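There are 2 protein chains.
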Amino acid sequence: MGKNQNVYDNEIFFEGYKGIREQENNYNKLQEQPAIKSLLPDLKGKRVLDLGCGYGESCSYFIEKGAKKVVGIDISRKMLEVAREENSHENIEYLEKSMDDIDNLTGKFDLIYSSLALHYMEDFKKLLTDINTLLDTDGLFIYSQEHPLTTAHEKGQRWTRDESGMRIHYNLANYMKSGKREVTWFIDGVVKYHRTFSEIINTVNECGFQIEKVLEPLPSKEDIKLIPKMVQDFHKPNFLIIRAGRR
Amino acid sequence: MGKNQNVYDNEIFFEGYKGIREQENNYNKLQEQPAIKSLLPDLKGKRVLDLGCGYGESCSYFIEKGAKKVVGIDISRKMLEVAREENSHENIEYLEKSMDDIDNLTGKFDLIYSSLALHYMEDFKKLLTDINTLLDTDGLFIYSQEHPLTTAHEKGQRWTRDESGMRIHYNLANYMKSGKREVTWFIDGVVKYHRTFSEIINTVNECGFQIEKVLEPLPSKEDIKLIPKMVQDFHKPNFLIIRAGRR
Chain E
1 MGKNQNVYDN
11 EIFFEGYKGI
21 REQENNYNKL
31 QEQPAIKSLL
41 PDLKGKRVLD
51 LGCGYGESCS
61 YFIEKGAKKV
71 VGIDISRKML
81 EVAREENSHE
91 NIEYLEKSMD
101 DIDNLTGKFD
111 LIYSSLALHY
121 MEDFKKLLTD
131 INTLLDTDGL
141 FIYSQEHPLT
151 TAHEKGQRWT
161 RDESGMRIHY
171 NLANYMKSGK
181 REVTWFIDGV
191 VKYHRTFSEI
201 INTVNECGFQ
211 IEKVLEPLPS
221 KEDIKLIPKM
231 VQDFHKPNFL
241 IIRAGRR
Chain F
1 MGKNQNVYDN
11 EIFFEGYKGI
21 REQENNYNKL
31 QEQPAIKSLL
41 PDLKGKRVLD
51 LGCGYGESCS
61 YFIEKGAKKV
71 VGIDISRKML
81 EVAREENSHE
91 NIEYLEKSMD
101 DIDNLTGKFD
111 LIYSSLALHY
121 MEDFKKLLTD
131 INTLLDTDGL
141 FIYSQEHPLT
151 TAHEKGQRWT
161 RDESGMRIHY
171 NLANYMKSGK
181 REVTWFIDGV
191 VKYHRTFSEI
201 INTVNECGFQ
211 IEKVLEPLPS
221 KEDIKLIPKM
231 VQDFHKPNFL
241 IIRAGRR
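From first to last, the protein sequence lines stand for chains E and F. Taking this note's numbering, I'd label the letters of the first sequence as residues 1 to 247. Taking this note's numbering, I'd label the letters of the second sequence as residues 1 to 247.
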């Protein structure tokens, strides 16, 4: 774990994660993906880099939307095997690579995209600096991460429930303590890095970006019909999504 | 209450608030003021507008730091009486005025400053638009407000405590529900407006500003020596402070 954490190649984690992603309705499909996609620019003729591309679904989407070249990188060989099987295209290149090592990529991109991967990265500043370097003039950086109110969590119960099991409030602790968090998600010892909201905004700024839009997506009425417990997301959002332009 | 809420002219509120502000050590003096002052530019020869100037302490400070003209506005006649008595200066002008009505001010400012007042304002977008209009080229807007995690609160207990009375977590609810909050602070029915982090950042952006720095101040080691319970602020910050330049 740590710098080059590759939990997605753990057999138990891989299968557990696959189970969630294969559900017809899940948080990614209903909340995170529509929100991050709403921030995408016109992709016709664009060069796109997808950091932590996983199964390559977004890479295929970029091609559909007219991108002329997509590079998807992921540290997990098992994820990339699925990507190459299910989302192969002559203009998509998949690379087995840690986000810590993108400083040796060559070429420039118009869009660098990352969905729910950056909270695994310890050195946020180095990564954003590398991303800025890889972007062409007028390039965009659009990414999602677990919301800081979610990553703040260390241990203990996350929620306080009433007698019916309904979540009545989120148990927020240690929000101002940035740093490593070890959580259990399918397996023990999954390492994430908590950063406060101000730390995120200031780092994006300092690394040469101008923030254009910040989203904390909410469930829609339709989502709540599909997954009624999503009404509880009004207490605490799950995702933070940022669109930033290269200054 | 509401649009032109003037709770500070309520006798009970005024005396209660005065009691807090007169304490040698309080959250304003130890956390909010050092943090917001750390964001100030060189003030020599500058024109400053202070929104919700209260006792006028910051107006005096700006003059000390070389400002050539300071306008302090406040909706509370009682607060301004104190300001005129304790922080009078030939280059400070105090105006009894709601922040809703700054669109009829004339002249331009190099700095518009506001300490812990904007969470009382319902129409954030109009206010920021007016502030942008009143700023000269290269003008700065620097303000503090109650942190969104604080304003989210509606009713019930804010904190869960252990047997010794120590705060173990903040009871976060309704964070994603923007809007009016009625709280009890010396008197019942004090009206504040909760806005999410993304709503704040996006509104500042949309109103023609570029965010330069965001602070969520923490107590220092010295603060914790003076007020030991401040160690609990690591669970949830009290203030949000933003420095933004006119685009």
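You may find that some hints are simply not true.
[What the hints assert, rightly or not] Covered stretches of chain F (chain E as the covering partner; in silico rule of three or more C-beta atoms under 8 Å from a C-beta of chain E): (1) 105 to 118; (2) 160 to 172; (3) 175 to 185; (4) 195 to 205; (5) 229 to 236.
Quick caveat, the hints were computed from the structure, so don't treat them as lab data. All values derive from a computational prediction rather than experimental measurement. Note that CB positions come from ideal geometry on N, CA and C, so glycine has one too.
Outcome of the hint check:
A count of 0 residues in the segment 105 to 118 of chain F with a Cβ less than 8 Å from any Cβ of chain E is obtained; the coverage claim is therefore unmet, three being the minimum. Check result for the segment 160 to 172 of chain F against chain E: holds, 6 residues qualifying (beta carbon to beta carbon below 8 Å, three or more required). Taking a C-beta to C-beta cut-off of 8 Å, the segment 175 to 185 of chain F contributes 3 residues in contact with chain E, enough for the three needed, and the coverage statement holds. Counting residues of the segment 195 to 205 of chain F whose beta carbon lies closer than 8 Å to any beta carbon of chain E gives 6, which reaches the threshold of three, so the coverage claim holds.
Figure legend: the segment 229 to 236 of chain F, annotated as covered by chain E; annotation consistent (4 residues with Cβ-Cβ distances under 8 Å, at least 3 required).
Taken one by one, the earlier hints fail for this structure only at number 1.
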